[in-house]
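Engineer: Letter by letter, the chains look like this.
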Amino acid sequence: MLQILTPRGELVGDRPVDLDDAADLYGEMVFARTYDRKGVALQKQGRIATYAPFEGQEAAQIGTAITLEPGDWMVPSYREPAAMWMHGYPMELVLATRRGTEMGGSPPASVRVLPPSIPVGSHMLHAVGLAWAERLQGTDRVAITYFGDGATSEGDFHEAMNFAGVFKAGCVFVCQNNGWAISLPRAEQTAAETIAAKAVGYGMPGVLVDGNDVFAVLAATSAAVARARAGEGPTLIEALTYRMGPHSTTDDPKRYRTDDELAEWRERDPLERLRRYLEAEGSWTPEWQAELEREGSARVERAVELAEQIQPFTAGETFDAMFAELPDSLLGQRAMAEEL
Amino acid sequence: MATLTIAQALNQALDAALTDLDDVLVMGEDIGRTGGVFRITDGLRDRHGPQRVVDTPLAESGIVGVGLGLALAGIRPVMELQFMGFSYPAFDQIISHVSRMRHRSRHRFTAPLVIRMPYGGGIGAAEHHSESTEALYAHIPGLKVVVPSRPGDAAGLLRAAIEDPDPVIFLEPIRLYRSVKEELPDLASVPLGSAAVERHGTDITLIAWGAMMKETREAAEKLAASGISAEVVDVRSLAPLDITTIAASVSKTGRAVVIHEAPRTAGLGAEIIAQLQEHCAYDLEAPVKRVTGWDTVVPLKMSEQHYTPSLERILAATTEVLES
Chain R
0 MLQILTPRGE LVGDRPVDLD DAADLYGEMV FARTYDRKGV ALQKQGRIAT
50 YAPFEGQEAA QIGTAITLEP GDWMVPSYRE PAAMWMHGYP MELVLATRRG
100 TEMGGSPPAS VRVLPPSIPV GSHMLHAVGL AWAERLQGTD RVAITYFGDG
150 ATSEGDFHEA MNFAGVFKAG CVFVCQNNGW AISLPRAEQT AAETIAAKAV
200 GYGMPGVLVD GNDVFAVLAA TSAAVARARA GEGPTLIEAL TYRMGPHSTT
250 DDPKRYRTDD ELAEWRERDP LERLRRYLEA EGSWTPEWQA ELEREGSARV
300 ERAVELAEQI QPFTAGETFD AMFAELPDSL LGQRAMAEEL
Chain B
0 MATLTIAQAL NQALDAALTD LDDVLVMGED IGRTGGVFRI TDGLRDRHGP
50 QRVVDTPLAE SGIVGVGLGL ALAGIRPVME LQFMGFSYPA FDQIISHVSR
100 MRHRSRHRFT APLVIRMPYG GGIGAAEHHS ESTEALYAHI PGLKVVVPSR
150 PGDAAGLLRA AIEDPDPVIF LEPIRLYRSV KEELPDLASV PLGSAAVERH
200 GTDITLIAWG AMMKETREAA EKLAASGISA EVVDVRSLAP LDITTIAASV
250 SKTGRAVVIH EAPRTAGLGA EIIAQLQEHC AYDLEAPVKR VTGWDTVVPL
300 KMSEQHYTPS LERILAATTE VLES
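So the protein sequences, as listed, match chains R and B. Heads up: the first sequence begins at 0 in numbering that gives the first Met the number 0, then just goes up one per residue. Heads up: the second sequence begins at 0 in numbering that gives the first Met the number 0, then just goes up one per residue.
Quick partial rundown of chain B residues pointing at chain R, CB under 8 Å, derived from the structure: (1) Pro56; (2) Ala58; (3) Val65; (4) Gly66; (5) Gly68; (6) Ala72; (7) Ile74; (8) Ser95; (9) His102; (10) Ser104; (11) Pro140; (12) Pro164; (13) Asp165; (14) Pro239; (15) Thr243.
Covered stretches of chain R (in silico footprint by chain B; criterion: 3 or more residues with CB under 8 Å from a CB of chain B, positions within the stretch not fixed): (16) 97-106; (17) 112-120; (18) 125-137; (19) 148-161; (20) 309-322.
None of these hints come from the bench; they were simulated from the model. For clarity, every value in this text was computed on a predicted model and none was experimentally measured. All C-beta atoms, glycine included, are put in the ideal place defined by N, C-alpha and C.
My request is simple: use the sequences and hints to build the entire structure.
Structural biologist: If you want it as structure tokens, here you go:
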């Protein structure tokens with residue numbers, strides 16, 4: 000397993016970025032956690048619907064997304080808001096989706112991020128098609144796609160990996176293995192020793208990285224993106240991490256996992272290890288931490304305000320994005336719906 | 000003017016699309032080297048190269064899911080699934096992603112793609128090779144579903160489907176691939192969403208599509224021989240349904256029979272009759288009847304004739320409607 004920063008914050012490999020950039024990464028991770036905790040709170044207040052927390056997975060998302068260029072494609076699942084906004088997705092739209100409007104799935108034209116996929120596993124194929132299309136069109140754009148350990152049991156994961164291998168698609172598959180698919184532990188998801196090992200069967204490299212080590216995640220993803228950009232084909236990255244909270248705000252993880260396990264992973268927290276490292280390097284102070292949290296909180300508040308300004312569709316507007324041009328049958332139904 | 004079969008017309012339409020439109024890509028299982036199970040893509044790989052006529056791994060969900068990705072990035076994929084009965088592994092991609100990409104992104108991302116699939120029985124094929132489950136696709140919001148029954152429509156609808164900004168399920172009647180010939184003046188586009196009144200009459204309207212047009216045409220001929228003037232409507236577009244054309248015909252004749260090969264329950268016949276009730280119930284002089292496949296699995300070759308609506312069944316239903 001690739002690791003550059005130990006849980007104690009000790010550097011055991013080549014730091015992939017300079018110290019200032021490392022501090023920036025830390026700032027992003029603190030912000031992600033601020034956002035995530037806010038998300039849980041917003042759900043409890045009834046201001047957003049079901050929320051899928053990602054606390055513990057900040058390094059896996061930020062360390063991967065930061066390696067992309069603006070023209071690259073991102074095909075996310077529902078637990079990657081940090082990766083999405085790192086790639087330019089307006090935060091208020093991420094929240095708008097959670098509030099329950101399709102407007103959240105419509106980023107500005109320059110932002111090449113698909114709306115987050117709710118079905119588990121079927122979206123990886125889209126990333127393969129996107130990457131293949133870019134090659135056909137003579138660009139070196141790549142596609143990155145995110146999914147969990149549970150998704151690797153779905154047939155489409157295997158079809159996506161197979162197609163990507165055959166067509167040498169410039170696709171980076173990022174499995175955020177957070178240990179649990181709702182209540183099913185990783186060990187009952189697959190008999191394979193690692194998920195990264197599955198890459199062998201599809202003729203591509205598989206890389207197991209410490210998903211809570213942002214340096215390792217960034218280094219592995221940079222290499223995979225470079226490989227994809229050079230036309231050398233896809234890579235599967237397994238970022239070994241942990242979901243500290245529930246699958247979503249509707250389940251109680253106490254029913255399926257122990258406090259000991261949680262405490263063990265708390266020791267490997269992605270933020271804390273980078274904080275320790277930065278502190279040792281003289282780049283972290285409690286004052287800066289407080290400032291990050293304050294600014295982060297304000298940033299989320301602004302996004303929430305913007306999200307809450309998005310108005311729901313009228314009955315008629317529900318029809319408007321069904322086709323480029325509405326057929327008579329739908330125009331008729333639209334009129335009926337509006338009359339009520 | 001060339002006289003072509005449906006199979007030849009489709010081949011020419013694909014060839015023309017590949018020639019005219021740089022962003023078209025034809026893909027599917029065995030469609031390149033062998034030209035497809037029914038040879039619809041015969042010769043296209045040689046003419047346009049393996050980059051544009053692509054043999055894919057054997058995985059229907061993969062084909063459609065990857066095809067959606069291609070479409071999202073500006074390629075127009077025309078996918079072939081070998082038989083309708085093999086489209087079900089791709090059904091999840093079609094319903095969960097293809098059909099709703101435009102809606103869930105409020106027009107930001109669209110899926111201009113075509114999924115071609117041969118459908119229907121009547122050739123004594125193996126199990127899973129004779130399905131006629133078009134209602135499954137017509138039921139899904141966000142999809143267009145078309146079925147040609149003659150060479151001109153096959154070429155014209157395929158061209159329109161390829162140029163359409165939304166996803167189109169394109170059903171090809173296996174039984175008619177090589178049994179219907181027609182002179183094709185040119186490969187003009189035929190608008191999606193339009194039914195065709197292909198024979199004018201005054202006593203009764205026969206409504207059908209795809210492979211069942213064969214027996215329906217024969218029925219109209221038989222009826223004409225006994226002095227009954229049947230109007231024949233080729234529905235052609237199952238979604239959206241051109242109820243305006245269908246209802247106008249039924250209003251004129253006052254009587255109708257809907258014929259389809261698909262299973263009876265919740266088939267499109269039920270939908271058409273319901274819409275006739277909404278549009279022209281007071282013009283009806285008799286209850287509308289259905290002649291359909293049964294709610295059974297399609298039997299294999301030796302008993303298949305019990306399943307598919309026959310000329311006799313259509314004539315019997317027509318007589319009942321005319322006499323009631």
